[in-house]
Amino acid sequence: MQGLWFKEVEEGRRFLIKIAPGEALQGRLVEFAHAAKVQYAVLLSAVGSVQHVRFRGIKTGAKLPLTAPRIHVHEVEGPLELLGLTGNIFPDDKGEIDCHLHVLAGKSSGEALGGHLFDARVFATCEIVLAEIRAEGVERHVSKAGGISTVFIDAKRT
Amino acid sequence: MQGLWFKEVEEGRRFLIKIAPGEALQGRLVEFAHAAKVQYAVLLSAVGSVQHVRFRGIKTGAKLPLTAPRIHVHEVEGPLELLGLTGNIFPDDKGEIDCHLHVLAGKSSGEALGGHLFDARVFATCEIVLAEIRAEGVERHVSKAGGISTVFIDAKRT
Amino acid sequence: MQGLWFKEVEEGRRFLIKIAPGEALQGRLVEFAHAAKVQYAVLLSAVGSVQHVRFRGIKTGAKLPLTAPRIHVHEVEGPLELLGLTGNIFPDDKGEIDCHLHVLAGKSSGEALGGHLFDARVFATCEIVLAEIRAEGVERHVSKAGGISTVFIDAKRT
Chain E
1 MQGLWFKEVE EGRRFLIKIA PGEALQGRLV EFAHAAKVQY AVLLSAVGSV
51 QHVRFRGIKT GAKLPLTAPR IHVHEVEGPL ELLGLTGNIF PDDKGEIDCH
101 LHVLAGKSSG EALGGHLFDA RVFATCEIVL AEIRAEGVER HVSKAGGIST
151 VFIDAKRT
Chain Y
1 MQGLWFKEVE EGRRFLIKIA PGEALQGRLV EFAHAAKVQY AVLLSAVGSV
51 QHVRFRGIKT GAKLPLTAPR IHVHEVEGPL ELLGLTGNIF PDDKGEIDCH
101 LHVLAGKSSG EALGGHLFDA RVFATCEIVL AEIRAEGVER HVSKAGGIST
151 VFIDAKRT
Chain U
1 MQGLWFKEVE EGRRFLIKIA PGEALQGRLV EFAHAAKVQY AVLLSAVGSV
51 QHVRFRGIKT GAKLPLTAPR IHVHEVEGPL ELLGLTGNIF PDDKGEIDCH
101 LHVLAGKSSG EALGGHLFDA RVFATCEIVL AEIRAEGVER HVSKAGGIST
151 VFIDAKRT
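In order, the protein sequences belong to chains E, Y and U. Here the numbering used here is used: the first residue of the first sequence is 1, the next is one more, and so on. Here the numbering used here is used: the first residue of the second sequence is 1, the next is one more, and so on. Here the numbering used here is used: the first residue of the third sequence is 1, the next is one more, and so on.
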């Protein structure tokens with residue numbers, strides 16, 4: 001079995017977070033992580049609405065590594081219903097708190113948009129439930145082959 | 001740090017829920033919460049299919065507070081694959097069980113739709129995993145500034 | 001209350017899983033479940049990118065049971081940002097590990113696609129957090145009325 005790694009992790013604390021209108025979603029999550037001393041966490045739920053959403057899609061047919069000409073950056077003013085915010089908070093290779101978040105948001109027409117989130121501002125409200133995990137030995141590094149920052153697990157390939 | 005609130009909450013029970021074809025999704029979740037005496041919960045997973053989906057998008061360029069002329073109500077007959085159901089169950093200001101759910105659903109064409117859910121009927125099946133949380137002191141009230149019902153956390157702004 | 005079943009389930013272990021570029025998402029998850037001896041689990045989070053995504057939508061106006069003429073199979077080469085992967089791992093009626101997954105993925109244009117997942121290959125990375133649950137007495141069988149495989153809970157209808 002190549003290409004698969006896994007590690008049992010323990011659950012830590014669980015948090016309910018609310019971010020107010022006009023605030024930067026990603027920036028506030030990082031501030032939360034500092035204030036609560038959370039190093040590793042996974043988002044369980046996010047509901048609310050957002051505006052000024054900057055996110056990335058990958059160009060059709062793109063190859064690895066992901067470089068700037070192979071992605072599309074979108075900026076959507078909105079406001080949009082926030083339909084999903086998936087991802088994790090893990091330290092980067094300098095030990096700094098780093099979020100990897102993908103966003104899903106609904107337009108006025110009901111159509112859903114989404115991609116790798118750069119940033120967004122909260123519109124009417126944002127309610128998040130987040131679970132801390134104990135994942136010592138897990139770090140996020142840039143993968144040269146992939147051109148992206150991803151998690152590395154210090155476990156045997158199984 | 002203004003505009004950010006958070007609170008550590010304890011995890012309670014965890015439930016597996018199945019809702020049968022033809023049943024009202026939101027109504028059944030509220031009945032579940034009554035039957036299981038669940039006051040605070042967050043949806044962890046929902047998979048299945050839905051029809052007669054009523055949901056809301058926010059009009060492009062809308063300002064707060066969210067009023068009826070600033071939203072679009074969509075009714076999609078479907079059936080649609082249920083791709084996401086995110087949100088929480090918290091009591092409202094009268095102590096009644098109240099769901100705040102956002103839906104994501106896939107059309108025949110593969111395109112995804114979604115928004116703030118008013119209601120939907122289960123089509124072929126609906127399997128939900130839900131985590132109770134202990135969140136005393138958290139209530140949902142209408143925000144006058146936002147025009148929406150949102151969670152208020154009795155914690156210091158941090 | 002007809003049409004609603006629920007069961008309290010205990011949480012088991014929690015796993016962080018990483019799947020490498022080029023690997024089959026569904027196949028690797030099944031291998032993980034075998035290797036870690038996980039029988040029942042729910043996906044909490046998945047973030048990354050995918051290509052060669054095969055998934056199903058339900059034709060508009062379709063009736064139950066879901067038969068081949070009532071569904072659309074889509075194959076999207078991508079690559080696409082992985083925006084959601086929702087579902088569970090439960091044994092089928094032969095006791096074999098079986099995944100029920102719905103996928104959400106973002107195109108270069110920012111539009112989101114999704115449906116019932118058949119398979120996909122990981123593009124740049126895939127990071128999954130999964131919670132084992134203890135759900136003895138819960139099995140997945142084919143529902144004759146629905147034409148689909150779904151979870152049956154050995155609890156009284158409540």
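Source of the hints: derived by calculation from the structure; they are not laboratory data. Please note that the accuracy of each hint is not assured.
Identical copies go unnamed one by one, so any copy, or any two together, can satisfy a pair.
[Unchecked claim] Heads up, simulated DSBU-like pairs for lysine-lysine below, C-alpha to C-alpha not over 30 angstroms straight-line:
1. Lys94 <-> Lys63
2. Lys59 <-> Lys7
3. Lys59 <-> Lys37
4. Lys7 <-> Lys37
5. Lys37 <-> Lys63
6. Lys59 <-> Lys144
7. Lys7 <-> Lys94
Requested in this report: Please name the hints from earlier in the document that this structure breaks, with their numbers sorted from lowest to highest.
Outcome: Going through the list in order, the structure violates hints 2, 3, 5 and respects the others.
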